[in-house]
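Enquirer: Required output: the full structure, derived from the provided sequences and hints.
Number of protein chains: 4
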Amino acid sequence: MAGFTHLFIPGPTNIPEQVRQAMNLPMEDMRASTFPELTLGLFAGLKRVFKNESGRVFIYPSSGTGAWESAMTNTLSPGDRVLMSRFGQFSHLWVDMAERLGLEVDVIDTEWGTGVPVEIYAERLAADKEHRIKAVFCTHNETATGVTSDVAGVRKGLDAANHPALLFVDGVSSIGSIDFRQDEWGVDCAVSGSQKGFMLPAGLGFLSVSQKALEAAKTAKGRRCYFSFDDMIRNNDNGFFPYTPATQLLRGLRVSLDLIEAEGLEAIFARHHHLAEGVRKAVDAWGLKLCAKERKWHSDTVSAIHVPEGIDSAEVVKRAYHKYQTSLGVGLNKVAGKVFRIGHLGWLNEVMVCGALSAAEMALRDCGVKLAPGSGVGAALEHFRLAGPVAVAKAA
Amino acid sequence: MAGFTHLFIPGPTNIPEQVRQAMNLPMEDMRASTFPELTLGLFAGLKRVFKNESGRVFIYPSSGTGAWESAMTNTLSPGDRVLMSRFGQFSHLWVDMAERLGLEVDVIDTEWGTGVPVEIYAERLAADKEHRIKAVFCTHNETATGVTSDVAGVRKGLDAANHPALLFVDGVSSIGSIDFRQDEWGVDCAVSGSQKGFMLPAGLGFLSVSQKALEAAKTAKGRRCYFSFDDMIRNNDNGFFPYTPATQLLRGLRVSLDLIEAEGLEAIFARHHHLAEGVRKAVDAWGLKLCAKERKWHSDTVSAIHVPEGIDSAEVVKRAYHKYQTSLGVGLNKVAGKVFRIGHLGWLNEVMVCGALSAAEMALRDCGVKLAPGSGVGAALEHFRLAGPVAVAKAA
Amino acid sequence: MAGFTHLFIPGPTNIPEQVRQAMNLPMEDMRASTFPELTLGLFAGLKRVFKNESGRVFIYPSSGTGAWESAMTNTLSPGDRVLMSRFGQFSHLWVDMAERLGLEVDVIDTEWGTGVPVEIYAERLAADKEHRIKAVFCTHNETATGVTSDVAGVRKGLDAANHPALLFVDGVSSIGSIDFRQDEWGVDCAVSGSQKGFMLPAGLGFLSVSQKALEAAKTAKGRRCYFSFDDMIRNNDNGFFPYTPATQLLRGLRVSLDLIEAEGLEAIFARHHHLAEGVRKAVDAWGLKLCAKERKWHSDTVSAIHVPEGIDSAEVVKRAYHKYQTSLGVGLNKVAGKVFRIGHLGWLNEVMVCGALSAAEMALRDCGVKLAPGSGVGAALEHFRLAGPVAVAKAA
Amino acid sequence: MAGFTHLFIPGPTNIPEQVRQAMNLPMEDMRASTFPELTLGLFAGLKRVFKNESGRVFIYPSSGTGAWESAMTNTLSPGDRVLMSRFGQFSHLWVDMAERLGLEVDVIDTEWGTGVPVEIYAERLAADKEHRIKAVFCTHNETATGVTSDVAGVRKGLDAANHPALLFVDGVSSIGSIDFRQDEWGVDCAVSGSQKGFMLPAGLGFLSVSQKALEAAKTAKGRRCYFSFDDMIRNNDNGFFPYTPATQLLRGLRVSLDLIEAEGLEAIFARHHHLAEGVRKAVDAWGLKLCAKERKWHSDTVSAIHVPEGIDSAEVVKRAYHKYQTSLGVGLNKVAGKVFRIGHLGWLNEVMVCGALSAAEMALRDCGVKLAPGSGVGAALEHFRLAGPVAVAKAA
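Sequence lines, in order, name chains S, L, H and Z. Counting from 1, position 373 in the first sequence corresponds to residue 361 in our numbering; the numbering is continuous, with no gaps. Counting from 1, position 103 in the second sequence corresponds to residue 91 in our numbering; the numbering is continuous, with no gaps. Counting from 1, position 302 in the third sequence corresponds to residue 290 in our numbering; the numbering is continuous, with no gaps. Counting from 1, position 31 in the fourth sequence corresponds to residue 19 in our numbering; the numbering is continuous, with no gaps.
Careful: at least some of the hints might be erroneous.
For chains that are exact copies, the list does not tell them apart, and a pair is met inside one copy or across any two.
Using 30 Å as the maximum straight-line C-alpha spacing, the simulated BS3-like pairs for lysine-lysine come out as follows [to be verified]:
no.: 1; residue 1: 39; residue 2: 277
no.: 2; residue 1: 209; residue 2: 144
no.: 3; residue 1: 322; residue 2: 206
no.: 4; residue 1: 122; residue 2: 209
no.: 5; residue 1: 326; residue 2: 117
no.: 6; residue 1: 358; residue 2: 39
no.: 7; residue 1: 39; residue 2: 322
no.: 8; residue 1: 209; residue 2: 39
Derived by calculation from the structure, the hints in this document are not laboratory data.
Expert: Shown next, in the form of structure tokens:
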């Protein structure tokens, strides 16, 4: 088929040309004496994105899932009790991993379309006088439902209870796109991956840890080797890695960090909000509903959109892909067939979003959804036009 | 600014990923014994695109303008009388070149928004009993106004008058995108360039010639050296070039010809018509007018769109570029400030066009044009949806 | 510094242009219905390279080290007794991992410069009447010392003892470059990575397993989640992955497998032997010794070369890198300062090897090693010339 | 065939990775208001490389041959008398072009292997009291024979005779690699191309002109249009071009100019001399002779090497290409079959040159040339080692 394929899944995201150029390179010697010039700067740059001044960041050749495993196996021991909540496919998988790695998981299931139940967490923590809970988990952005949770709220609960549990955050689809403050919010293990806000291909898992997490790692008995902090720390301190790193992605990461610094994190968050608002205006204009139940849960990186009764959302996604060369996200697990998703994170601007909405609108109408042609795109572009592109606003 | 820059000028056009990959390569020896394996296939493939079985094709390291010069200097002599028409910036420049190269130009000026005056040509040719007119020029697609002319009609006039003049066609923005038939229409010199329907960067000028043109070159006294047929023929016959060819572009051309053959010329023409119709539906929905006066002049590769009185089209283009990262074409010469252009040729699909229309719509409203938000995009996407993507229709 | 940097470490290796082109691409949807068209072919192609018809191959977003961990945690349980040998940095690290993952390791230390002690293995296995040994480990090619071991010999020992232990092979720096036959040799877990014979950037770990290994995984109690066979099998069977795969590398892998199939595995092995022989001729001509003690241990993918007493091999590597833009491998662990290494595997030909030898020769002389200028390169190029390039011999 | 193809022709030359990255990009709008930010800097940067402060530089989408034509047609008129000399294939072609463009050429043929006969030029100019000679031509570096001529000497002859003729220099294979000083030497038209010292693909012709040449253009009657100064000047002054420029190459040029500025012209000249000396040491060690008759003619960018009687140099080149994947230059015209050439210009370092010499040595011996294996490479690498890499010397 002619023309570009359009990518609007919530990761992998679109790669900036500059990053793509930087990854078009011959292989290099990861033991060269000049290699640390690259890597030490990456650690520093990543820490700025995580807003983690006091701790350190690990870069694994893995997916974000690998960084999840690293967090758990390095700082916890089999049998440790942890507090988790489940309200979408990715929080579900995280619980599943915790159980398989031998943790004693206290799971709170809440409705899909809501997020971390901050109040319940607070109660549980307050009730846990013996501090049997070793860690509290928070899926910052549930990619399956387009729900953003209140990490600062979870921290408040911990503080109110004066509870020493570690705070784990899954920021795979939020960090670098949505406001996140590791130090300020007292996050001990923050997980992300290369293929979302970092605008790189999949292949790197990031784990940003606090001093407290590093301390916990000294006694934690989780079995780990590939993901071991120790090996990494020993080598990273000199700018090297315990095994062959994915140098091509590291070169790309250098450029994506440069782009992030040039645009500025706050401007990036504002841009994501601006673009997400355009999508939400379109959803309203179509007369459809988001999976996210309330405004406070609205994600600025992905929107999961309910299709009307009787329509199969998987069919909408299939049409968009096969007829309009546009990748949208399917509904997963409990919301399979019921929602489709538009990823709106990373290297993105207004006109790209209009393309996504155009494809979605055509596919929806093809599948029998009644909506006025151009209604969604029209609402979005009027929003974009009036709210002004953030970049321009900033430049002016 | 974040996200991709959107390119909707009528050339250079968007490059397919496959072509871009093929041009990402080290340099090579253009005198290697294996080099003709590449080049002989390119000549053959280009001839199929021009539908020129009997003649030959020249590939110059130049722009299309260079191929214009090659056509004139190789087949005509200073002082030769030629029949031309002028109705846009590019037909204007062609006349200018002819004059500067010493030809005696008989120019017919027609209104911008119309094309080659086939009837007047026929009259002039019929009247030219002494065959003083040595060549007749036809701008197949006037890129400045979005007007496609009737090459077959010009041939009819020549045949009716039994006139031996050469027929020159400027197909820079048509060949490979709009129906063109060199042999059938008896075209002697057909000019194109790499950066339009051939979906490559600028840098190659193509000149496809008939046996009659090759014959004329034997006696023509136009001064030429860089663009000389002789040097090219002597070297091309063995697969080589008289001076260093742009090997990187030639490698890209191999892939673009493969893509053209895979999609099929007729399917490509249908796709361009389908996409152009979507743009025209949008223009209608906006309540605006094309520069092309009548349906028969409508170009399937570029639309020049009149803005309402009191609006500066240059401002629309500027907004689209600076605020929405989208390149549209400005109005040139007589229509400067009055029209803006959307290029819709090359490696393009429906969702890309929706992006162009979205940017245009936002920029138009920003500049004060009254139109209902989403009206143009909505009209286009309903057309795209119902007329079905050509590629799918074909595949089914 | 001007000119290309020359890479002759034993991995990452040089990337073919075709692979590099294929990895220059936008991101794609790893849940698209067309994605399995890519992935199912990769599994099939990898199995051909491993010569594993009956089992299956796993592709992890990880380094080869990750595939090591996958092999151990999926098929063994903590406390299981395993038989290993140690004679270089990589066999050392493998032992270390086994111990950290809780295995009961029976280590046989042999001199660095020798390989797996096949006879001792055979004795131990014969003596293990109760089959307490659950797995036998064989480092096929010890990258630190340039020693290739006899996998078939290890299998013979198992068969002679009629011993049911699993056979693990580390083929990171051998598979795809040196003869390896999983089915024929009865290898249960064969580990490799993308950045050596597969001619890709680092970032993929390959684990090729037998049915027996898959069977063992059903009861093995090693803790695993990221590297779990189960999740992979469930998803891979349909062409998908349990978490985001490194699609860019998978696209590269498609092309590298195509290149491997086009050249042919036997031709590739012959080429590696041909090039390695050239390096060994040079070492002889220099009057230096390989770390590999005997001809039977000579590796066709990497040569570790002893520098004379009083010379620091690290200084040789440093000179080569800083003065001649050439990456050679340093000596690791016990042979640090004593050997330097030339990697000669992957996408390589005679003239590239001559470059490596030239750089090594200059650096050696700079460091005070007495050798006749041009002696090593001269010996190599005379070998290359007379032994004929394999590719040409084959084509003729 | 496996491994990289090695390119040692005297152009196109090897492309730096940075340049290759920069050319891996989507197309762009060459009429965008931001485009001059790129182009104005290119004009300025090129002027620094030509050491032309007072005049201006033209960038044509063409080969260097096109820039030759531009120089002649813009500043001279048919019938003008010019003084040229011929001593190789490229000076031969230049004379041929001058004749075909209608100039009255006074040709001095000197032996191939010598260069511009500065004394004869001086005599002719002194004798030309009526100033009938309008231009004097000097091939700075004859690529076919590896001969560098004395441009400053030609200028002296002009000055001594107080002669107003224009001075034309063909610097296609010298500028950016060998000392060249347009202003100081009073050069009026200096021609170069992208694919040599500028380390880019072929496709751009550069013409750097003095104010005197610009003045001459006002009255010169050479027929030109594509190559016309006027159109270029009018557009270039604002950062634009009269027809679509090769934007991809312009983006590459930005990076190659940056690399040139970073290394420094004098350091680049020194590096070329250093590498060329290595080649010459090898030729000596082989017992062969350069085509260049005397040391003063030795070119630092290309060496043409005589093969012994009875050997066909074309066969040497063929072997190198087919058996060793290495492109060397053939002998052209009068020296066909007698010499082969090693291009040693552009993005090049010592180890690359050793590769070229290795391939040449193997091919020479394959063809029956008696020389001691490793003799040439050995001589070169000892030179490289002792003379120190220029870059390092400079850095220290």
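Enquirer: Against this structure, judge whether each hint is valid.
Expert: A quick look at each hint next to the structure:
For the homomeric pair residue 39 and residue 277, neither the shortest alpha-carbon distance inside one copy (34 Å) nor that between copies (53 Å) is at most 30 Å. Proximity of residue 209 to residue 144 under the C-alpha cut-off of 30 Å is restricted to the intra-copy arrangement: shortest distance 28 Å within a copy versus 39 Å between copies. When the C-alpha separation of residue 322 and residue 206 is checked against a cutoff of 30 Å, the pair qualifies only between copies, where the shortest distance is 29 Å, while the shortest distance within a copy is 39 Å. In this assembly of identical chains, the alpha carbons of residue 122 and residue 209 lie at most 30 Å apart whether taken from the same copy (13 Å) or from different copies (24 Å).
For a Cα distance limit of 30 Å, the shortest separation of residue 326 from residue 117 qualifies neither inside one copy, at 42 Å, nor across copies, at 60 Å. In this homomeric assembly, residue 358 and residue 39 never come within 30 Å of each other (Cα to Cα): the closest approach is 45 Å inside a single copy and 46 Å across copies. For the identical chains of this complex, residue 39 and residue 322 are neighbours neither inside a copy (34 Å) nor across copies (41 Å), given an alpha-carbon limit of 30 Å. In this homomeric assembly, residue 209 and residue 39 come within 30 Å of each other (Cα to Cα) only inside a single copy, at 28 Å, whereas the closest approach across copies is 39 Å.
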